[in-house]
Structure formats: C-alpha cells, structure tokens
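Sequence lines, in order, name chains A and B. With the first letter of the first sequence counted as 1, position 289 gets the number 288 in numbering that gives the first Met the number 0; the numbers rise by one all the way through. With the first letter of the second sequence counted as 1, position 370 gets the number 369 in numbering that gives the first Met the number 0; the numbers rise by one all the way through.
Treat the hints with care, as some may be off.
[Unchecked claim] Straight-line Cα separation of at most 30 Å, DSS-like style, residue types lysine-lysine; simulated pairs:
no. : chain 1 : residue 1 : chain 2 : residue 2
1   : A       : K228      : A       : K143
2   : A       : K342      : B       : K243
3   : B       : K248      : B       : K382
4   : B       : K207      : A       : K115
5   : A       : K383      : A       : K267
6   : B       : K143      : A       : K72
I should point out that these hints are in silico values taken from the structure, not numbers from a laboratory.
Protein chains: 2
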Amino acid sequence: MKAEIISIGDELLIGQVVNTNASWLAENLNLAGIKVSRISVLPDDANELLSGLSEALERSDLIIATGGLGPTKDDITKNVLCQLFGSKLVMSQEILKEIEIFFSKRGYILTEENRKQAEIPDNCIPLHNSIGTAPGLWFEKENKIFVSVPGVPFEMKELFTNRILPRLNNLGISSFIMHKTILTQGLGESFLAGLISNWEDHLPANLKLAYLPQPGIVRLRLTAEGNDKTALSLLIKEKIEELKVIIGKYIFGYDNDTLESIVGSLLKNSGKTLSTAESCTGGYIAHLITSVPGSSEYFKGSVITYANEIKTGFLDVKVETLIHYGAVSEETVIQMAENIRKKFRTDYAVAVSGIAGPDGGTEEKPVGTVWIAIATPGKTLSKKFLFGDNRLRNIQRASLTALNLLRINIR
Amino acid sequence: MKAEIISIGDELLIGQVVNTNASWLAENLNLAGIKVSRISVLPDDANELLSGLSEALERSDLIIATGGLGPTKDDITKNVLCQLFGSKLVMSQEILKEIEIFFSKRGYILTEENRKQAEIPDNCIPLHNSIGTAPGLWFEKENKIFVSVPGVPFEMKELFTNRILPRLNNLGISSFIMHKTILTQGLGESFLAGLISNWEDHLPANLKLAYLPQPGIVRLRLTAEGNDKTALSLLIKEKIEELKVIIGKYIFGYDNDTLESIVGSLLKNSGKTLSTAESCTGGYIAHLITSVPGSSEYFKGSVITYANEIKTGFLDVKVETLIHYGAVSEETVIQMAENIRKKFRTDYAVAVSGIAGPDGGTEEKPVGTVWIAIATPGKTLSKKFLFGDNRLRNIQRASLTALNLLRINIR
C-alpha cells in the first residue's frame, strides 16, 4: 500500500508558509500503520495541478490532498478534480443545508460564493466538515482512493481524524500498531536520553522509541508493532513501569494530556481553586489554564503585574523588597504568590517574575532568569530557573515549568 | 524556466521533521526571481529516489535536491545520481584535502566513512562546502541544471547562498517577482472576497491574488511578475491604494506585521500606556501584547476576572450590573474597561467578556457571544460580536478583534 500526500497552494511554493500540514498528515498516517512514500507541493495552476495529481494516481494507492477548496477564485482544486475523475459539479442540498446552518448560527449572511461550497463532484462521497464550509471529497477509482480536504489546518485535522481515518480503518488498511506517548517536563532531551539510555538499549525489536521535544516539554513516543493486541498492550505497560522508576518525577501525563488539563483535573477533583500573578509570562499561564473547557470552576483570575507600580499598588509587594532585591527575586515572587492567594481567596496561587528578553538582562541576572513561587494552603515554595535567550520560548518554558511545579504540589 | 525542489529523507515522510528546508529554498529562489513549480519529498530508497528524480528532470529546468549526502548507510543520493547521470564515483584529491583540513582543525580523526565524502560523480562540478564535509554537486544535462546539496540546514543555506546563487545569476536565470501581503482583520475570507471581487477581476495578468486565512485574520498576497522592477513596484502600490478605498478599514498592516506589534508601535510612538481586563480571553490579549519585545514600555498589566467575585471585588464592577445584565453584557464590559483604565492609570484599556464555550451558552447569549470595550482618554466604546463554537478559536478571534478595535482608536 503506497500512500502520498499532496499539498496544494502557491503560498507553500514561495516559502511563505511552512508545510506543517504535510508533516502532521505523514505522522498520523504513520501512526495508523500507513507508510507515506511521497509528499508533493503543487501550485494553484490548473495544468500543473492536473498533471501532478494524475502522476500521483498512477504511482500510489492512497492520495490525500489538502488545499484549494476555499470559496475564492484562487481555489481551483474542485474543478481540477472534476477533470481528473470525469465528474460534474452538482449542488448538494444536504451540504447546502449544513452551510446555511453554519452561517445562521453565526448570524452571517450566506453569499453566492459560500453557496458554491455546496457544489461537489457527482462521483465522490462528501465528508462532512463540522467546523468549516468546505466538505472533504472522497473518490474511489480502480481500487485507488483519493481524498481532498481543505488546507486550513484545524479543518484538515478534524476531517482526517473523524472522517478519513475511520473509513481507512473500515477498509482494513492498516497493520496493527500501538502508540503510547509519555509526557515529561523539567529535563532537556539529551539529559533525558542519557538517563534512559540503558533502558532504551534493551527495548525489544518490535518496540520503537522516538523523542519529540517541544519548548518546555519532551514527549517520548513508544510504538509497538505486532499481531497480538493484548501482548503489545502488556509490553508497553511493563516498559512504562520501568520508565517510571528511572524518570518518574518528570512524567506528568500520557498521550493527549496537557499540563493545564492535568492541573485542571487535580483542582476540580479536589474542589480547590487557583489564581496567578504573572510578570514575565504576561498572561500566558492564565491563557493555558483557561484554554481548558470548564476552567471557570477552579480558576478565579489573575493579576498581570508588568509594571512595578502594579506589583506594589495591586499586589502589595513591598516597595523595599523591589528596591533591595529587585522585581526578579525570590522575595518578590513569594510576596506575589502569597498576596494573590489571599486577595483572590484561592487555595493555590502561582507567581512568576523573570527576564524574558531580549533586553533587560544583567551580569547577575541574565536574560532567561526566572523565579517561580507556588503558594499552597500549607506552605509557599520558590525556585529559580535559567532558561535561554529566546523571548517566546522563555515565556513558554517558564509557564510550563510553573504549571508542573503547581501540579506536584496540589494535595 | 521551471524550478523544482526535492527533499530527500525518511524523517520527512514519517512527519518527524517539518520541511523547513524546502520553504527556505522556495522563498530564496523566489526572491532571486526563480519560480518554484513543485516541491517533492522522496524517501531514502534507491528505486523511489531514482524514479522521482527522473520525473523531475523531465518536468523542470532547474532542480535543487537536499539530503542523503551524509557518510552513513542510509545516505544513498550520490549513488542514485550516478545512475541518473551515468557517472562513476571518483576520489577528488582536492575535496579530500579540504576534508582533511576540516577534521584536523577540529582535532577529529578522519575515518574511512569520512574519506568517502571526497568521492564524487565524475561528470559534475563539486561546490565547495566551507562548513561541512559533503560538497554540493552541480550537474548540467541537455540545458537542465541539477544541484544536490546536504540536508543539514546551515550547510544547505551556505551552499545555496555562496555557491549556487552566484552561478544562477551568472547564467542570467531570473525574471523579477515581487510579493506584498496585505493583512486584514474583521471580515471573513468570503465576505472580503465578495467586496473586492470586481477589483480582483480587473487585475492585470501579471498580478496574482491569494487569500491566506488564519483564525481572526485574512492575509491577501499580491504577486507581480515582470522585468521592470520599478513598474512592478508602482503597480502593486497602485493596486493597494485601490484596495484601501474598498476595504481600508479592515487593513491593519503589511507583510510580517502583527496586530500586537502594530498596536505596540502606536503606543510607543505616542508615549501612551495600556492595560487590559479580560474575562473569556483569559489572558490571551495580555500574552499577545507581551510577546512583543519592549512591551514593558507601554503595557502596565492586566486583571483577569474569570470569577464574578473578582469582577466586583477588584475591578469594582457593580453587583447590580451583574445581576441585571449578566457578566457578558455591554454594561459590564464598559465598567471593566473604564475601571481598569482608572485603577492602572493607563491611557487606554481593553476589556473583554464573553462565552468561549463549549458550555455556558443560552438562547439569548449563545456560545461565541463576546462583548468588547475600549476605554480611551476621550470616550469608551463597546461592541458585541458573535464568533463560532470552538473555544480556542473564540479566544483567538476575540483577542485579535479587541486588538484591532484598540488599534483603530489609538490617537
């Protein structure tokens, strides 16, 4: 079974957009046991597109194409597909109704252009797009499968996960592959690799390990391949138990867990509340926490004290503390955490103060210096970190580190 | 002149690595006036590679291939190139000497594998690699050019910039391509398309328009092609002036601008300050603002009032207002904006209150309902929006909409 990914759009060919769609699709096809033998990027040009798609149909058994399905004039995929599969565009009343509902829900007026989104080739199966207006298009021809989906990443992911993958599974396309991702925080990739190097060397042949680092987090993905589902499941369980002994204190979750969702569950289940006081993270911790549905049950709010006058005026950080120790200090961050906890009347509080960069560093406190404090019902703890020199990554790493410190200390 | 980029490596086909090499090359070829008509990713497999490269040679005039030139067994590009161009591998004494110097400088011992890096096809021109051991390989055949370079990003960039580009320039290969991206906020892709449809229909043949939507933002990219740089520049200018007349109020910037950087510049240049009071956006506006280096010059801070008791207790929103109109109301959001502005003593303030979802919606105020208020030295304005039903996108759209409302009202 040969699979191909085709990304359509001039923005990729002029280098304006990096092709993250293709790597996401490649990864997810692979996780489903389908090997990708080629990725192509084709332009918004009917002739080039037609010849590129025809070549792919000759070479491969499964083709997933993204992009060019929008309502505007540069979106030509649908017409080219009609040429490729000898189809006519017909108005689908069912999809039109879905689009009408989509628009009326949002209070928008349906334009002629949007109505056209309901026109689909007469010899394909439309795949319902629950979060956009362009449906996916599923063609079958001479034992080959060709699927076209919008290039908007979240629509593409939604269609792949909920419409395409179940169909591929039903067709029995996929060997048996099992994945488990172990999520860690607090240790860089190479240090982690050093700690588990001996464990890794003794993994059985049908178990593969991949390191997937993100700013502030390292994901370890175990992939097991075989025929006996139960045996694979047991093998993975056993290996994870071994891992826990070695790096247990860095593991915060598995698979699609996030630190913010784990922290959220801990708070929710124990009926506890949280507030934050953020300086250098500028609201990013609060953003992570409130990105979890239902977070209003345990998150009361935050004060972002970017200016020192806000630290003293609204968080009662003592002026003398700022003068003697500075805003980026253990003394300041402890007062921030304890005071927001008291003022907002929460069980827990997180406070962060640091130098995100690129400016503001000194020899004593270089860019990347961050103090984090966690105030709990029983105690307040604080810790100093030295991250890197990239502003955005410092914000991310400080926020994830703070959430992990909080997680460890929720009782 | 048709150009193609080929990236070689299994790591790209399993989605482990995102293909940033191809987008960098595409962008830099484009800037040099060379249009890329296709990007392909091929596996570390001799047959697949040979057929992929042969197809490219038939289709295109210039092919730049990256990857597979390393010293390890999975690097097979050189042998496949020998098949493709009927070459024999010969040891280049010149390159061997370069490699020996490279190793001795770093105090490394030269292994047999590394010596093999000096073996090159006998009918290509080697391109000196000053920062690595694998030289670039330049083939010419029947008026076509094929160049192979290592996949290590910094080596690829160095070889392209200092070895390939000068050669392409010498050959006089290049028409002139110019891009300008217009950034808009406040109108969806299809509505924007409807407004400028007539303008778009009358664009000259050498000017292409592309819609690049992101959550909350639509980018319009104009691409002009021709020989006369000045004429192209004038043409783009003229067309943008026309656009401004039609959709001027939605345009917030160009090319690499962001709303948060534009707002930041406006505040910085006028010496004004900002605070925010966020409910449903949960700190995301503050995060965007503070992601800009130097934002501490104009951003004082924020109160995230997720719980109603924080709205009343710390932002002095009147209890009666919450009882009579609810937290998601014009009355509440106006008080939030005006009170944070006064309390934090800033010139401007932004406040947002809404229902991000997935829960919390009612018939009267469905999920996606968001009130935004902007308090300025002279007045406070407020506006209601109805976004969609996806929590994260509602947060993003509400935040970008708020920043754009602020931008328009900074004097």
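Would you check the hint for K383/A and K267/A, treating anything up to 30 Å between C-alpha atoms as holding?
28 Å, holds
With a cut-off of 30 Å on the C-alpha distance, tell me whether K248/B and K382/B pass.
16 Å, holds
Quick one, are K207/B and K115/A close enough, alpha carbons at most 30 Å?
22 Å, holds
Hinted pair, alpha-carbon criterion (30 Å max): K143/B, K72/A. Please report holds or violated.
34 Å, violated
Starting from K228/A, check that the Cα of K143/A is at most 30 Å away, please.
OK: K228/A and K143/A at ~29 Å, within 30 Å.
Pairwise hint evaluation, K243/B against K342/A, where the allowed Cα distance is 30 Å at most:
Outside the cut-off at roughly 49 Å; violated.
Hint compliance for this structure: hints 2, 6 are broken, all remaining hints hold.
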